[in-house]
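So the protein sequences, as listed, match chains A and B. Count the first sequence with this note's numbering and you get residues 14 to 178, in order. Count the second sequence with this note's numbering and you get residues 14 to 178, in order.
Heads up, a few of these hints could be off.
If several chains are the same, the list does not tell them apart, and a pair holds so long as it fits within one copy or across any two.
Claimed, not checked - Within a straight-line C-alpha distance of at most 27 Å, the following computed BS3-like cross-link-like pairs (lysine-lysine) qualify:
no., residue 1, residue 2
1, Lys-120, Lys-73
2, Lys-56, Lys-73
3, Lys-120, Lys-56
4, Lys-118, Lys-73
No lab work stands behind these hints, which were simulated from the structure alone.
Protein chains: 2
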Amino acid sequence: MHITQHTDYALRVLIYLAANTDRLVTIAEVSQRFDISRSHLMKVANQLVREGFVDGLRGKGGGLRLARPAAQIAIGAVVRRMERGMELVECFGHDSNCLLTPNCKLKGVLATALEAFLHSLDRVSLAEVLEAPQRELLYLAKHDAPHPAPRRARARAARTPPNVG
Amino acid sequence: MHITQHTDYALRVLIYLAANTDRLVTIAEVSQRFDISRSHLMKVANQLVREGFVDGLRGKGGGLRLARPAAQIAIGAVVRRMERGMELVECFGHDSNCLLTPNCKLKGVLATALEAFLHSLDRVSLAEVLEAPQRELLYLAKHDAPHPAPRRARARAARTPPNVG
Chain A
14 MHITQHTDYA
24 LRVLIYLAAN
34 TDRLVTIAEV
44 SQRFDISRSH
54 LMKVANQLVR
64 EGFVDGLRGK
74 GGGLRLARPA
84 AQIAIGAVVR
94 RMERGMELVE
104 CFGHDSNCLL
114 TPNCKLKGVL
124 ATALEAFLHS
134 LDRVSLAEVL
144 EAPQRELLYL
154 AKHDAPHPAP
164 RRARARAART
174 PPNVG
Chain B
14 MHITQHTDYA
24 LRVLIYLAAN
34 TDRLVTIAEV
44 SQRFDISRSH
54 LMKVANQLVR
64 EGFVDGLRGK
74 GGGLRLARPA
84 AQIAIGAVVR
94 RMERGMELVE
104 CFGHDSNCLL
114 TPNCKLKGVL
124 ATALEAFLHS
134 LDRVSLAEVL
144 EAPQRELLYL
154 AKHDAPHPAP
164 RRARARAART
174 PPNVG
């Protein structure tokens, strides 16, 4: 079971933008950061703009930014809008050739499960996904190496006396 | 978002077997009925046998049958066992190259949603999927045309006086 790469990339773009609200982010930067093709990212970004999740500012010095605060963007809404094929199995589609279709309850059973999946994501905002790692994400936006241990943790470690039982 | 074709076919095979518990069903019959390649079905059937959902009787007059009553087979169990890739997005996999991974909460958020999806399916048995259409499925196993209106409905229609209001 997979979410399409299109939605996967959309979530990454949004998470990255949410971690960099102090500036505009270019497609080139996201492309380099995640090692994703620029043309694929362009399609993702265009849809994010069309769906109202992202503002795109054209021209020199332009770039992308969240269209509204991360706390007001539900992950469920992103998946519902970006995911093109919600046909979990063939019989969800219009060109189904499954002979069980007319009376089979499977379609309804799977649709209920899909709704449970999306409903779970509706309850989580982009801001909540970011809550813990924002510092690390900001760091990643500026460096290539992994984020070092937070200063406070290092200081605490230095203060802690060795265990002398 | 899709369930793999492998799982989709597994569900169809199980539904078909559950509608034909009075006899053994051959791969050839299921292949013809659903217009699915015999070699693909063979793989599906082999895994259904390995997972203990189906008994396979070899030799002349052999075929497939449910290994236990349909009421004791949860759709969630079938999806959990048959679905090979439960990596909803790349960062679920071992070869993830997403730089957000170390601290991103998205993975946990999606895992919770996936569990909600499967939990919804855990509550439905194969027998419940079949409850209504068993008569139609049995009919489909013997004929090519769609099932006609049930006899009782036709009799009721015949008894109903024309609306003379």
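- [ ] First find the shortest C-alpha distance between Lys-56 and Lys-73 inside one copy, then the shortest across copies, and answer within, between, both or neither for a cut-off of 27 Å.
- [x] The answer is within: 20 Å in one copy meets 27 Å, while 56 Å across copies does not.
- [ ] First find the shortest C-alpha distance between Lys-120 and Lys-56 inside one copy, then the shortest across copies, and answer within, between, both or neither for a cut-off of 27 Å.
- [x] So Lys-120 and Lys-56 pass the 27 Å test across copies only (24 Å; inside, 31 Å).
Open item on the list: One pair to classify: Lys-120 and Lys-73, alpha carbons no more than 27 Å apart. Within, between, both, or neither?
Closed with: Answer is neither: 50 Å inside a copy and 35 Å across each miss the 27 Å cutoff.
Open item on the list: With identical chains, the pair Lys-118 and Lys-73 could be close in the same copy or across copies; at 27 Å between alpha carbons, which is it: within, between, both, or neither?
Closed with: neither (55 Å within a copy, 34 Å between copies)
This entry does not satisfy hints 1, 4, going by the numbered hints stated previously.
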